[in-house]
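Spelled out, the chains give:
2 protein chains.
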Amino acid sequence: MSGTDFGTEPDAGTVYLVGSGPGDPELLTCKARRLLEQADFVLHDKLPGPKIIDLLPDDRRKDVGKRAHGDRTPQSEINELLVQHARDGQSVVRLKGGDSFVFGRGGEEAEYLAAHGIPFEVVPAVTSAVAAPAVAGIPVTHRDHASSVSFVTGHEDPTKPESTVNWAALADTGGTIVVLMGVTRLPDYTDALLEAGMPAETPVALVERATWPNQQVATGTLETIVDARDSVGIEPPAITVIGDVAGTRESVVEFLANE
Amino acid sequence: MSGTDFGTEPDAGTVYLVGSGPGDPELLTCKARRLLEQADFVLHDKLPGPKIIDLLPDDRRKDVGKRAHGDRTPQSEINELLVQHARDGQSVVRLKGGDSFVFGRGGEEAEYLAAHGIPFEVVPAVTSAVAAPAVAGIPVTHRDHASSVSFVTGHEDPTKPESTVNWAALADTGGTIVVLMGVTRLPDYTDALLEAGMPAETPVALVERATWPNQQVATGTLETIVDARDSVGIEPPAITVIGDVAGTRESVVEFLANE
Numbered sequence: 001m002s003g004t005d006f007g008t009e010p011d012a013g014t015v016y017l018v019g020s021g022p023g024d025p026e027l028l029t030c031k032a033r034r035l036l037e038q039a040d041f042v043l044h045d046k047l048p049g050p051k052i053i054d055l056l057p058d059d060r061r062k063d064v065g066k067r068a069h070g071d072r073t074p075q076s077e078i079n080e081l082l083v084q085h086a087r088d089g090q091s092v093v094r095l096k097g098g099d100s101f102v103f104g105r106g107g108e109e110a111e112y113l114a115a116h117g118i119p120f121e122v123v124p125a126v127t128s129a130v131a132a133p134a135v136a137g138i139p140v141t142h143r144d145h146a147s148s149v150s151f152v153t154g155h156e157d158p159t160k161p162e163s164t165v166n167w168a169a170l171a172d173t174g175g176t177i178v179v180l181m182g183v184t185r186l187p188d189y190t191d192a193l194l195e196a197g198m199p200a201e202t203p204v205a206l207v208e209r210a211t212w213p214n215q216q217v218a219t220g221t222l223e224t225i226v227d228a229r230d231s232v233g234i235e236p237p238a239i240t241v242i243g244d245v246a247g248t249r250e251s252v253v254e255f256l257a258n259e
Numbered sequence: 001m002s003g004t005d006f007g008t009e010p011d012a013g014t015v016y017l018v019g020s021g022p023g024d025p026e027l028l029t030c031k032a033r034r035l036l037e038q039a040d041f042v043l044h045d046k047l048p049g050p051k052i053i054d055l056l057p058d059d060r061r062k063d064v065g066k067r068a069h070g071d072r073t074p075q076s077e078i079n080e081l082l083v084q085h086a087r088d089g090q091s092v093v094r095l096k097g098g099d100s101f102v103f104g105r106g107g108e109e110a111e112y113l114a115a116h117g118i119p120f121e122v123v124p125a126v127t128s129a130v131a132a133p134a135v136a137g138i139p140v141t142h143r144d145h146a147s148s149v150s151f152v153t154g155h156e157d158p159t160k161p162e163s164t165v166n167w168a169a170l171a172d173t174g175g176t177i178v179v180l181m182g183v184t185r186l187p188d189y190t191d192a193l194l195e196a197g198m199p200a201e202t203p204v205a206l207v208e209r210a211t212w213p214n215q216q217v218a219t220g221t222l223e224t225i226v227d228a229r230d231s232v233g234i235e236p237p238a239i240t241v242i243g244d245v246a247g248t249r250e251s252v253v254e255f256l257a258n259e
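Protein chains in written order, with the working numbering: chain W, 1 to 259; chain U, 1 to 259.
Just so you know, the hints here were simulated from the structure itself, not pulled from any lab data.
Treat the hints with care, as some may be off.
[As the list claims (entries may be wrong)] Derived Cβ-Cβ restraints for the label pairs, each shown as a range: (1) 162(U) - 46(W): 25 to 35 Å; (2) 236(W) - 143(U): 14 to 24 Å; (3) 194(W) - 38(U): 21 to 31 Å.
[As the list claims (entries may be wrong)] What the simulated footprint calls covered on chain W by chain U, stretch by stretch (three residues with Cβ under 8 Å from a Cβ of chain U suffice, anywhere in the stretch; the number is not a length): (4) 108–116; (5) 130–138; (6) 223–233.
Heads up, the beta-carbon is just placed ideally off N, CA and C, and yes, glycines get one too.
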């Protein structure tokens, strides 16, 4: 981000940092739905999912999640686009999957906008870190099982020294661990948790594309979940839930009307 | 919960375990809004807040958060009411503040319903643990500051042996800590975190009644936040955010249109 203070931009439009929730259009907040209808322009990526993106008129949206050669648009370019549209006086929605402020880089966008004098509003959303377990019958906290829950990203290699995630400390909390973007590196961090002393029989669940028509769930333990992932065929995007709460699914799933 | 399996109840209505979000009625999900309009009966407590509770017709709702002598309704009684209304064939909404599955006892309700053969659906919501920091300009994760975030309740006394919260492990994660229901015991757990070696200058923010008309924010450090709480007059319900991310508010608040 630029540290330069450009002062207030008197004619600038407002940028709304909006999360879409997990993917079911009915899990948009009423405010997100209204802002998407009213916006002059929407910048989104793929994660909100087809059912939500299809609600947006083609001439008022830009997919900044992909580019010509399959690369991702750099964050610096997205930041600059937000500023440009707002300086044109437009009401701009920046739409992210889940919640913008939970591993969504909304914080960086907010800082950039503020540094460039653009007014912005944060519109909190249903985070997939809570919703994906929930719709699979798993509460991330439970009085009998977990008095804390930690959210962490799974895209770092835990064996590399630059990894900033302290898996041993997360295991020591005794609470639930929810891993976002953690399908590919599942073997790495389940190993790290086993090495940290977490019991091998700790229940684990994977929820792929929660609330999408093709939602899939796989369950197992710290020791068996990699095989379960492969036999069910779980692919990104998916959420991993680690902890005794993951075992509650079994006792409720027969009457769970979400599935 | 009862472990007895009563089998399926063929004529039972469905119970919807619905979170209201932090309090702004526009932060209800579209699905929550629809279910509240369609429900035969709504069981709620106080935390959804007056703006949302006032949307509900008086003859189709019951406040199970209070009783004649100021006591809380026991959870067992709420569970039983949910089953009774569903057995009468009603479509029932159990409405909680925030998200039902984040320190909301939704897991216990789900288990009780399943054990009594009542179909239920979980409707995830905007959790105050993410939303309260967000509307105050604080992202709970940030690439420069926090690669994990942990949610924990603050109503336990950390000096008592029966406390199940491992504050030292939470400090060791190096990530953001968000404390729900943590106004009263703020001195206890800030002390516990300092003793665990967390730096005294770690930024801390308190957000009271996020998205309500009378929202209040207080900021400080692990060492100064108790004084800041008292001088601003922060009262429950409030969320505590501990970690470097709490310091980002200062750089964005001038352009934050939420306030």
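Structure-based check of each hint:
A beta carbon spacing of about 47 Å between residue 162(U) and residue 46(W) contradicts the range 25 to 35 Å that was offered as a hint. Separation of residue 236(W) from residue 143(U) is about 19 Å and conforms to the stated range, judged on CB atoms against 14 to 24 Å. The hinted window of 21 to 31 Å between residue 194(W) and residue 38(U) is violated, with their beta carbons roughly 47 Å apart. Coverage of the segment 108–116 of chain W by chain U holds in this model, with 6 residues showing a Cβ closer than 8 Å to a Cβ of that chain against a need of three.
Under a criterion of three residues with beta carbons nearer than 8 Å to beta carbons of chain U, the stated coverage of the segment 130–138 of chain W is upheld, 7 such residues being counted. With a cut-off of 8 Å between beta carbons, the segment 223–233 of chain W has 0 residues touching chain U; three or more are needed, and the interface restraint is violated.
Of the numbered hints stated above, those contradicted by the structure are hints 1, 3 and 6, listed in ascending order.
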